[in-house]
Amino acid sequence: MKNIVSGFLLIMTITLITACNQQPKELPYLGNMAMVDGQEVHHTVGTIHHYNQDSILMTNADFKDVIYVADFFFTSCPSICPRVTKEMHKIYEAVKDNPMVRLVSFTIDPVRDTPERLKLYADNLGVDHNKWYFLTGDKEGTFELADTYFVTAYEDEEVPGGFDHSGKIILVDKTGHIRSYSEGTEPQSTPKIIEDIKILSDSYK
Amino acid sequence: MKWLFVILAFTIIISGCYDTPYMQGQRLYQAHCQNCHMEDGSGLKSLIKPLNSSAYLGDDAMVCIIRRGILDTIFNDKDFLPKEMPAFKKLSVVEMANLVNYINNKWQVDFKEKTILDIEAAVSQCDTADY
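Protein sequences appear in the order of chains A and B. Numbering-wise (the working numbering), the first sequence opens with residue 135 and increments by one. Numbering-wise (the working numbering), the second sequence opens with residue 1031 and increments by one.
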């Protein structure tokens, strides 16, 4: 009798757990709501008007059919950037076969980081130029853009490399809304954002 | 039996704290090296050289590289990308010894500890030699 009860409980538990897993998960919309034309809308990232490593101009319109993760860095960065780029590369490896996903790294040092230099950087990272964009544009515009990705970036002669910035990796959906993020300086937060990319990608299927 | 468990637990906790005999070296590595060369010494593809498979493991030249830094430039025709490792001139001989021993102990196959005298010799050779 005891065995039957235990068996029953076990089956119940398994059923419950599978039921939970089957529920479609939805990622939250991050940031404050904004009013646009009298309508409440979710927080949206700012204006992208940047050149990629192949010197092709990219704007927000180029991202309307893809989801992407973004970070802010510069190639001569002596502090946290290489660690963040390492985590971005882990994400790249995990999502490179998903045609809906892109990676975007904005440089906050456009004076030195020309498209040619970014191309060398991408080549030496060994990544697909059509999958991972390295973007350079107006410096102040990029600082303002970073703000809309909840990343702080500004010039500071006191810090190594001359720029202070945070190492967040931001997940953006097709409509420019921020849906998840991880800390590029904390490798243990990377599996979660890879999982979230999959959830977001699946939500468009 | 109970005591055995306590001793075992204690040993595990203690060994967890000291996974390297070069604690100062580890702290220096975390402070000065880890952001680029990574915790596991793997570097970053072709951009940042790995330490865990470096040809300089156990070589006195490593002392000189840390002391002088390296300006490594990646070229492609007229395009170039400077990859500069900064110089760490302010490390004392003792700090240098601890750092180099930490790195070698972690990744060199046949690790042999460098003495303070070894490091002192390497530093003075580095400071006199032109290269």
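Since the hints were made in silico from the structure, they are not lab data. One or more hints might be untrue.
[Claimed, not checked] Pair ranges (Cβ atoms, derived): (1) Ser323/A / Asp1102/B: 26 to 34 Å; (2) Asp231/A / Met1031/B: 36 to 44 Å; (3) Val245/A / Ile1104/B: 44 to 52 Å.
[To be verified] Derived DSBU-like pairs: lysine-lysine, alpha-carbon spacing no greater than 35 Å straight-line: (4) Lys1144/B / Lys1079/B; (5) Lys1136/B / Lys326/A; (6) Lys1079/B / Lys302/A; (7) Lys1119/B / Lys273/A; (8) Lys265/A / Lys1079/B.
We put the beta carbon where it would ideally sit given N, CA and C, even for glycine.
*Can you list which hints this structure breaks, lowest number first?*
Checked against the structure, the hints that fail are numbers 2 and 3, while the rest are satisfied.
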